[in-house]
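Heads up: the sequence lines are chains A and B, in that order. According to my numbering, the stretch in the first sequence is residues 1 to 258, in order. According to my numbering, the stretch in the second sequence is residues 1001 to 1249, in order.
Hints listed in this document are in silico derivations from the structure and should not be mistaken for laboratory results.
Here are the simulated DSSO-like cross-link-like pairs (lysine-lysine), alpha carbons at most 30 Å apart as the crow flies:
id	chain 1	residue 1	chain 2	residue 2
1	A	K37	A	K24
2	B	K1154	A	K232
3	A	K147	B	K1114
4	B	K1069	B	K1029
5	B	K1073	A	K232
6	B	K1154	A	K231
7	A	K237	A	K147
8	A	K24	B	K1114
9	B	K1114	A	K231
10	B	K1213	B	K1073
11	A	K227	B	K1115
12	A	K227	B	K1069
13	A	K24	A	K62
14	B	K1073	A	K231
15	B	K1062	B	K1184
16	B	K1154	B	K1073
17	B	K1210	B	K1070
18	B	K1114	A	K232
19	B	K1115	B	K1184
20	B	K1229	B	K1213
21	B	K1229	B	K1241
22	B	K1156	A	K231
23	B	K1073	B	K1156
24	B	K1115	A	K237
25	B	K1115	A	K24
26	A	K231	B	K1115
27	B	K1062	A	K227
28	B	K1114	A	K237
29	B	K1029	B	K1062
30	A	K147	B	K1115
31	B	K1114	B	K1154
32	B	K1114	A	K227
33	B	K1073	A	K147
34	A	K227	B	K1070
35	A	K227	B	K1156
36	A	K227	B	K1073
37	A	K227	B	K1154
38	B	K1073	B	K1115
39	B	K1115	A	K232
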Amino acid sequence: MGELTNHFFSDKSCWLRRIDVRFKMVFLVFLSLVIIKANFSGLLLLFLTQSLVFLASRISLKKTIKDFRFFFFFLMFIFLAQTLSVSGKNLLFQIHLFSLEIHITQEAVATGALVCFRLFLIVVLGYLFISSTLSSEVKMAVTWFLKPVPLIPENRVATMLSLLMRFLPLILQQAGETAAAQRARGVNNRKNPVYRFMKFTIPMLRRTFLRTNDLILAMEARGYSEKRTIKKLSANKLDWLSLVIVIALSLLVMLAQM
Amino acid sequence: MNIIEIHNLVHRFSDGTPGLDGINLTVRKGDFVVIAGANGSGKTTLLKHLNGLLYPDAGTVKVDGFSVKKRPKAARQFVGMVFQDADTQIVGETVYEDVAFGPENLCLPESEIKKRVEAALRSVGLWALRYQRPHLLSGGEKRRLAIAGVLTMKPKVLVFDEPFSNLDYPGIRQVLWQMIRLHKQGHTLIVTTHDLEKVIAHAQRLIIMKDGKLVRDGIPGDLVEELEKFSIRKPYSRGLKGEFISWVN
Ligand SMILES: Nc1ncnc2c1ncn2[C@@H]1O[C@H](COP(=O)(O)OP(=O)(O)OP(=O)(O)O)[C@@H](O)[C@H]1O
Ligand SMILES: [Mg+2]
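For reference, chain B alone in the conformation it holds in the complex (with noise of 0.2 Å):
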């Protein structure tokens, strides 16, 4: 089953700046896609369409078979988003405070709300920090405050944009632990990075932009000697099979 369609996909900024020119793109439930490309390829953009932060001057975009631009708040709801740049994302006063602040706006019952953010924090190990004011955390810790607080708003399509920018070791290991959890759940992720080395072994798809368009989508494997055409650093350890070697372990 098809859980995201996009159908001819063209999208331009006000100033003219072409961001997205004709994607067609269509993932199916319970996949973990990347995708790859350069600055300014237009990775963000599209993920943007995903949950009607930006609607399509040309195209249709689908998730769970109904319209985002028809129905952007169930597209909210449906499409949890972890945005790259984990600071911008807080807006809670406290770590507990900044979790709820999803569920509040689905107007559910404050029982419910606190069953809620307990079992994401819990989840993502931030229970004990949960007092905490969300602007000590460090970096590995704000990107697991995100995802949690994504989490309480019970999303079926996870989407990280760049995950791992700004990250230490521990940190990118913590965070890609969460979303290799989350993927077995049952959840469908859809990755964006330039720096593909730190997912590759766990992506089932993988999909190159440049430019606005989609210019490559296949199996990891069978793409990365094109890699370095598109600016992409290719991944090198590579197991003793040629297979890519996790980051967890």
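For reference, chain A alone in the conformation it holds in the complex (with noise of 0.2 Å):
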């Protein structure tokens, strides 16, 4: 887990972190879907934003260059399919390559721009998301959000994604010892995948069901049950200020597409 959540805050000091969950939830939702349907004008003023609070929140810049660096490669590989696929009027230029030619015209260029840019921002605010939220924040906003929803009992989802969110770290970390393990002993020489499988996984689950007999004895003897205190969301100034900017630029956005 611990490479998932290498963008964790150590303190609350910043104000993106401070952010109600649920606000941060429908911003990410709302925008991802204005940004789907922005032009390039509108995909201008989003990335202005967007870097903006960038700079104002306290997210190593250099951390973040390193996560994005494979997602570089596969916004170039989007955008020389793109630009290869799609067909138009105005030729760029001409490519011989062998006894191929592949023309490259203005519209696939767009396109491919337009589509990677889209992606770009979206996995920006993705990030910028999971960079300032708490995976047990988004437990509680899951749980407030179901409310209203007849027949699913909230406490109870809110029991299980708790759960989940205490075991998936156990197991990974289970699966990483164990793959570590087996490679300081030369697994790599055998070349029978059946084998390897059988090697790793058994032993793997093994380790993982110990662990997490330890792990419920733990939970019990501290009184874990299904009744137990809810932290209460509250929205205060900073969340409805910030809902008013995310809903003036959307319309920024939508007005720089007329």
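Each chain sits in its own coordinate frame; assemble them with the hints.
Here's what the structure looks like:
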């Protein structure tokens, strides 16, 4: 789990971290929809705002760039695929590759750029979200959103979510340790994948069950049950202010479209 | 007043292994008791009976006058347990959330939880690290986190299972210092270990276990010569008058 949440803030002093998680989830959904609809100038506006938010938050730029390394390759690949596959009228240039003749058109480059721009903005949005939110907060928000939904017992869902959140990292960690221990004893020299699968899965599951058992005992020792204090979420000025800003921004982006 | 009363306790594991065999034990309020014994002698099994993580197959376990089997929830609040493996005890995503886990289970109001968590974290010196992720803490800090998590439930009895395993010298001293402080505040302490050197100076009573039985029960100074017989290392550092030397000063 270490790698999944390494952009975790160690303090609450960042304002992005203090925004109510329910608001952040709404922003995430809303702005993603706006991004999908927006054109180039709208996207530019969104890009500028996101950059501002990023700079004003306390997320480390160096770490972010490191996290995004592979994503840029991915974007490049998508861009290439788009420019090569979309056809258009205005020819930009031609490439002669052996007997192949490839036409690159203006339309193709524009679509490719637009698609990549959108993807990039959505991913940055998501990145800002997970960098400033604990998974337990997401759990609280989900519980809150489920409350008005009939037939779904939101407390039970919350319990299941929090159990999942506790056990997932344990399983991942167990898998990592088992793999490392086996590599240290040269399992890589074995070519048979079935053999390796068996030798990996069985001890990993066994260890996971043992540790899960310990964790259950620890939770039980501290009196865990479904009936417990559930933290109340409360919206404050900052939340409403950010809501207004997000709505204004979306309107601007939509206007830019026309 | 006896805060813990164990009478003829027998426990068998589901595979037939005899875990505990006819344990009789009473602990007075405010005592500092050390239970020593070799690996597999049944120390952890015994402790788990104190807060209803295991139930006796025969005999009774009472804390504060009530039966653990009848009121396990009350027992869990009354007896706080710090486990052998500090890592498996972590249930929260941050230090703060981990400590809040216990009082949340007690269904306390939020303001009370806040107060208790802050007090507990300050008392073990982890308040500055409250937003840290628990898995990133050092061994000594993890152990102190576990102590804080237990303290928020305001237990009267604190049970430490091998509190010094995997700790370096400063880590041991940090944890030991906490234990002494809690004892001074009036808590009853029960500590298991196979390395007596570290706690013996502070214990008022030493119990030795072997193969699921209590084999010795007395004042630490009296039992020292017999320790090696039960595969427990004898503490060697003694002061001029033969007294045990404390690890914290
Ligand atoms: N769930 C179980 N099923 C079967 N046998 C068990 C189980 N748990 C413990 N035992 C056995 O019971 C005996 C006592 O175990 P226990 O964990 O209480 O010892 P311990 O004194 O705490 O040892 P250590 O110093 O290693 O922590 C051991 O022989 C152990 O193998
Ligand atoms: Mg043990």
